[in-house]
Structure formats: C-alpha cells, structure tokens
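Generate coordinates for the entire structure from the input sequences, incorporating the hints supplied.
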Amino acid sequence: MTHDVIVMMNDANRAASILIVDDDQELGEMLTDFLAPDHLELTACLSGEDGLKALEAGNYELLILDIMLPGISGLEVLKRLRQKSDIPVIMLTARGDDIDRIIGLEFGADDYLAKPFNPRELAARIKAILRRASTGSQRSGRLELGAITLDPRTHRVTVDDKPLRLTGTEFEILRCLLETAGEVVSKDQLNERALGRRLLPFDRSIDTHISNLRGKLEQAGTVNASIQNQRGIGYMLIPGQ
Amino acid sequence: MRSLLVRIFLSFWLIIAITIGFAALGGYYYSEQIRQAIENYEVSDTVIAASTALDTKGRPGLESWLKDLPSKYPVTVFIIDQNGIDLLRRHVPPRIARILRRFAQHHLSGSGHRREPRNLRPARPLTQLVGPNEEVYTLFVVPKRSAYGEWLNEQTKPLMLLFALLVSASVSYALARAITRPVHKFRQATVAIAEGHLGTRVADSMGKRRDEIGLLARDFDSMADKLQRASEQQVELTRNISHELRSPLARLRVALELARRQAGDLPEFTRIETEAERLDNLIGQILSYSRLESRDQEAPAPVNLAELIQDVVENVRFECRSDGIEDVTVQFDPTEEPIIQGYAGALGSAMENVLRNAVHYSPSGGAVMVQLSQSSNQATITVEDQGSGIPDDELENIFEPFYRTRGAVAAAATHGTGLGLAIAKRAVRKNSGTIQADLTSHGGLRIEIRLPI
Chain A
1 MTHDVIVMMN
11 DANRAASILI
21 VDDDQELGEM
31 LTDFLAPDHL
41 ELTACLSGED
51 GLKALEAGNY
61 ELLILDIMLP
71 GISGLEVLKR
81 LRQKSDIPVI
91 MLTARGDDID
101 RIIGLEFGAD
111 DYLAKPFNPR
121 ELAARIKAIL
131 RRASTGSQRS
141 GRLELGAITL
151 DPRTHRVTVD
161 DKPLRLTGTE
171 FEILRCLLET
181 AGEVVSKDQL
191 NERALGRRLL
201 PFDRSIDTHI
211 SNLRGKLEQA
221 GTVNASIQNQ
231 RGIGYMLIPG
241 Q
Chain B
1 MRSLLVRIFL
11 SFWLIIAITI
21 GFAALGGYYY
31 SEQIRQAIEN
41 YEVSDTVIAA
51 STALDTKGRP
61 GLESWLKDLP
71 SKYPVTVFII
81 DQNGIDLLRR
91 HVPPRIARIL
101 RRFAQHHLSG
111 SGHRREPRNL
121 RPARPLTQLV
131 GPNEEVYTLF
141 VVPKRSAYGE
151 WLNEQTKPLM
161 LLFALLVSAS
171 VSYALARAIT
181 RPVHKFRQAT
191 VAIAEGHLGT
201 RVADSMGKRR
211 DEIGLLARDF
221 DSMADKLQRA
231 SEQQVELTRN
241 ISHELRSPLA
251 RLRVALELAR
261 RQAGDLPEFT
271 RIETEAERLD
281 NLIGQILSYS
291 RLESRDQEAP
301 APVNLAELIQ
311 DVVENVRFEC
321 RSDGIEDVTV
331 QFDPTEEPII
341 QGYAGALGSA
351 MENVLRNAVH
361 YSPSGGAVMV
371 QLSQSSNQAT
381 ITVEDQGSGI
391 PDDELENIFE
401 PFYRTRGAVA
411 AAATHGTGLG
421 LAIAKRAVRK
431 NSGTIQADLT
441 SHGGLRIEIR
451 LPI
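Here the protein sequences line up with chains A and B, keeping their order. Numbering-wise (the numbering used here), the first sequence opens with residue 1 and increments by one. Numbering-wise (the numbering used here), the second sequence opens with residue 1 and increments by one.
The reader is advised that the hints may include incorrect statements.
Partner residues aside, some chain A positions facing chain B, computed with beta carbon under 10 Å [stated by the list, open to error]: (1) Leu27; (2) Leu31; (3) Pro37; (4) Ile99; (5) Pro116; (6) Asn118; (7) Leu200; (8) Pro201; (9) Phe202; (10) Asp203; (11) Arg204.
Simulated from the structure, these hints should not be mistaken for lab results. As the structure is a computational prediction, the values presented were derived from the model and not from experiment. Idealized CB from N, CA, C, for every residue including glycine.
This is the structure we're talking about:
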C-alpha cells in the first residue's frame, strides 16, 4: 500500500469501493444501501484493527473513519495508516468535539463530518474527493517554484529533488497555490479546489491543512518559498529571495 | 488573612507584655519597700532593742525577741553566744565566723570596762551584749540582699524592657505565623478549586505535619479527590450519554433518507429531519456546556479579541445567510485590538452564542452592534440588538440553562436550545471575566462581557 491511490474515474458508472470503519453495524448496513445507487460500494468494518487489515488487503479508494471506536481509536488508525498510505480519509467526529476534529486533520485526514450527519452530505463529500482525485491529474503540467516541483501526472512533489509525501488535500492546496504563486487565493477557493465543497461557518479545516503543509515544506528544508496568511482574505505562496 | 495574623500577633504580644509589666511592677514595689526600710533603718535601734530584751528577760528574752523579728525586717540579725553558736541555731556564714573568732580572742577576755547602759560596749563592726550572768553575746547584722532590686537598677531598666518586648514580639509573631500560614495555604487551595482547578492539593506544601493542621490538610485533599472524581465522572457520563444518543440519531437520519428515496419527499420527512437536527444541536450544546466545566489540558494563551470577534462575526453572518435570516446585519468595526490571556476556544463559543442569540431576536431589517473597547486593566465587549428586550426582572436569569423568558416562550421554541447564554456565561467565567445583561435605551437587549487584560 505504498502507492498513491489515484483512480481514474472516467467511467462515471464504474463503482468506487469505499471502506467504512464504524462500530455501529446497523449504520454501516443502512449507508451501504443508501450509497449504492450513487455507484459507491461500501464495505463496513467494526473495529480499527479490522479496518487496517482490510485496507492492507483490498484496494479502496476512500476511507470513512469514525473517531470513537472500541479498541484502537480512530485517531490511532489514522496515524498508523498515514505511515504507509495517502488514501483519502473522511472522518466522523462528534459534533462540538473540536479537539478530535483538529487532531484528525493534523494527522492527515482529508475532511470530516460531525456525527450524526446528513447522509446526502456524506455522499456529496465522498464524490467531491473522488472527483478531485480523478480530474486533478489532467488539469496542468509540471509546476515549479524555487526548489519545489509538483507533477500532477505522477502526483509527486519533490523538494530539492527529494520526494515529499503529501495527502491528497495537501497536494491539491499546494497545486492551487503554485498555480497562482504570488497571488492571494481565497479560503473559499481553496476549499472548493481541495475539498470540493464550499466553506462552512466555523470551519477551519483548510487552515489546519495549510498549517500541516507548511510544516512539511519547512521540514523538507524549503527556505525559498513560504505560505503566508492574509487575514480575512486567504493564503498566498511567496517565492523567497 | 493579614488581619488574622495581626490580630493573633497583637493578642499574644499584649498578653505577654501585660504579664511582664505586672511582674516588673510587683517586683519593683516589693524592692522599693525593702529599700525604704533599709534607708530608714538604724543599727543602734536593733542593738538597743536586743539589749533591752536581754536585760529584762535574760537569754530566753533575747531568743524570743530574735525569733519574733518581722520577716520584712530590713536586716538579718545574728546573735552568737560564747560557744560561737547562733541563738536560733542558724548556720553562721564562714566569713563572719572567722571575724568572730579573731574578735573574741582580743576583746572578750577582760571585761572590766563598763559603760552605760552597762552591758553595752562599742565593738565595731560587731556589738557585744553582756547578759545577767556576764555571759557575752555577739550581735551582728547582715543587710538583706535584694537581688531583684540590684538587678533592676535605673540604668538597665529601659534596656531590659526593650529586650523583653523584642523577645516577646518575635515569639508572638512566630506563633501567629505558624497559625495563619496554613490558613493562607488552605485559602489559596480553596480559591483554586472554586475556579475549577480540581487537581489542587495542599498536604504536600504542609510538610510532614502530624498535628491537627496536617490532618486537616489530608482531609482537604481527600475531599478534593472526591470532587475531582465526581466532576470527571460527570463529564465522562455526559460524553457517553451524548455519544449513545447520537448513534440512534445517525441511524435515524440515514433511515429517513432511505424512506425519502422510496416514498418521495413528503413534508413530514422534512419535519422529521428538522427535529433530528434540533435534537443533535441540543446534544452538542449540552456537551459543550459540560465540557466548559471540566479540567482543561490547554494553557491560556494570548488572544487578539478584535481578530477573534471578527472571525465569529463573519461566521455568524455566513450562518445567517444559510439559515435564511438575510435582513439582519451584524456591525463590528474595531478601533482597538486588546490582547488578553485566555482560552480562544471558550471565548469564541461565548461570542458565537451571544451573537446568535442577538441575531435570532432581532426584528426583520434590524442591526446587531458589536463593540470592543479597552481600558488599562480590562477589555469590554458589548453586543446590542434592536429586539424587544426582556422584562427587567428577568435579566439576571437569562444566563441560567434552559431559562425561557415569559415573552419568548413561543419564539424560543423555534430556535436555540436554551443553553446558548449559559454556555456564554461559563465560557466567560473560564476566562475570569464577567457577563451581564441590561436594556438599551431603545428597549433592546445589551450583553456586556468584561475580560481582565
């Protein structure tokens, strides 16, 4: 599972396989029924251990992960998963539990939904992320800024020719910022591009993703480009010296 | 605390000072009496009295005179017979005995000279008395030594007094400190616990005391343990209840969508969806309310209030648009940027709830005014709406959980959980601030939040 999960969904009718890890068995069954007409094929696991095994064995395009799990927690599953896979993850958190949400995003989840969620919203988010993964690669050629190189076709980012691991969302954000380097991109725009949905009130997930991305770039030794926050407007990638 | 220290200290000191004073006064009075007696005393009076006694009643008379001398007599009188023995068989001081022996050798052998009175003859420093049978008694007086009187003489008296006061003051102070210091520590701990720091303990700071205060400290700690456990259990319970309530709610929503798909979009489905959302909001609010009371892992950090409010205002505007409240405006133009030490999450949730409340009670086309100002030691946030306000006597109560004002019963049922302002109050209190409500001149509601800088 070291490969990047990029699935070309040119055929809209081809079913996408999705794994859900949630200890609520009945919910999993009902969601399977609900998502089937949208060509989303749901497989349910009841514990974190089973979920990790299933991911190891099968070829899934997206993971829906409940944070509150018996045994190893959803956050722990996410942490272990991110050591070897960049599969898009939507996590389910308890509403009002900001800490879980923020930590989840910091651990590399792509998006989140507060439980109990509107199932139509879940379907929309799954589709947004899958769409991003399928269409993103065709949009443009290689992007470069200073030591950073981003290749949409291979979904690879390098800093000083050393590969840099990014989650799907971080990759999209970086691409968006690289395309418009030196210009401010609004949070709304970033949200649309990276998460495939509009910005919601009290939603700071894009800020968390940006701060993760910033951290990874700094760790890779990027000194000649930095992401700046333009308060109330958005973010901007600034080329260094 | 200070006053208790001062009171105990002064009481102890006063008691000690008064005791010393009385003792000194009594001692002084006694020694003064003796001093006066000594001053007025004439050796010849004693000698004449003794001589008279011997003359009239012989040796027994002299003995009984000697025995009956008053105890306050300023001198001790010794009368030694020819055998060198005191009449009252007292021990003769050796120095006196030596002089006596020498004196006896030289002057007592011949007793030819007689003067008036005939049994009296000068013998310095000793006086001899001659009895009816020509027996010779040697009389001498030793002044009573009043150690106290010498000790407390005029030069050392003020110095002694100062010394006594200093010693008693330091002893009193140490004693008072020993009592009030633990009281001070208990008070600090109690305040800390009241502020929600339930991990506060006192026994460690008391050392290894085994006295009543040490026991009290241990009891205090076990009480704090129980409080902490109860509080943690309550938060845990609320968390679990909320989680357990949400699972069926989550299934309900999926079931609803499945039903919609099969039966078409009936208006009842929308109603069920709205109610499920309301239930979910309520659970969320209960969770945030109970969490605000629990112990916090995060430390207070600098918070830029203008930025924080700006964020919340934008989010609430956004929320209004998606809730279909398009014609209420929220105005906020900060001129100052106070920075406080606090919990950004709690403050954001306080602002959010106060603003939501203001927006929901605003009339169509109304404006909500948010203002931020700063003085030397506090930041003040006011939120005013143009709604119909609430009755004066209910202003205090709107921060109570689930409180419904009389006029708002009908309106409140449609929005809000009844916990918004209660959450705001807890969140402000967590930041050591105060929140209060009053009415604007136009009758709208004004909420004022004050936060220490």
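Quick one, is the aspartate 203 of chain A hint okay against chain B at 10 Å, beta carbons? 8 Å, holds
Phenylalanine 202 of chain A was flagged as interface toward chain B. Is the shortest Cβ-Cβ separation under 10 Å? 5 Å, holds
Regarding the hint that leucine 200 of chain A lies at the interface with chain B, is the smallest CB-CB distance below 10 Å? 8 Å, holds
Leucine 27 of chain A as chain B interface residue, shortest Cβ-Cβ below 10 Å: Since the shortest Cβ distance to chain B is 5 Å, the answer is holds.
Proline 201 of chain A as an interface hint toward chain B, with CB separation required under 10 Å: Since chain B brings a Cβ to about 4 Å from proline 201 of chain A, closer than 10 Å, the hint holds.
Would the stated hint for arginine 204 of chain A survive a check requiring a Cβ distance to chain B of less than 10 Å? Holds - the Cβ of arginine 204 of chain A comes within 10 Å of chain B, reaching about 9 Å at its closest.
Hint validity - proline 116 of chain A Cβ closer than 10 Å to any chain B Cβ: Holds. Min distance 4 Å.
Do the numbers back the hint for leucine 31 of chain A, that is, is its least Cβ distance to chain B under 10 Å? 6 Å, holds
Given isoleucine 99 of chain A as an interface hint, is its Cβ closer than 10 Å to any Cβ of chain B? 9 Å, holds
Going by Cβ atoms only, is proline 37 of chain A closer than 10 Å to chain B? Result: holds, 8 Å to nearest chain B Cβ.
Hold the hint about asparagine 118 of chain A up to the distance rule: shortest CB distance to chain B must be less than 10 Å. 6 Å, holds
Figure legend: structure checked against the earlier numbered hints; every hint is met.
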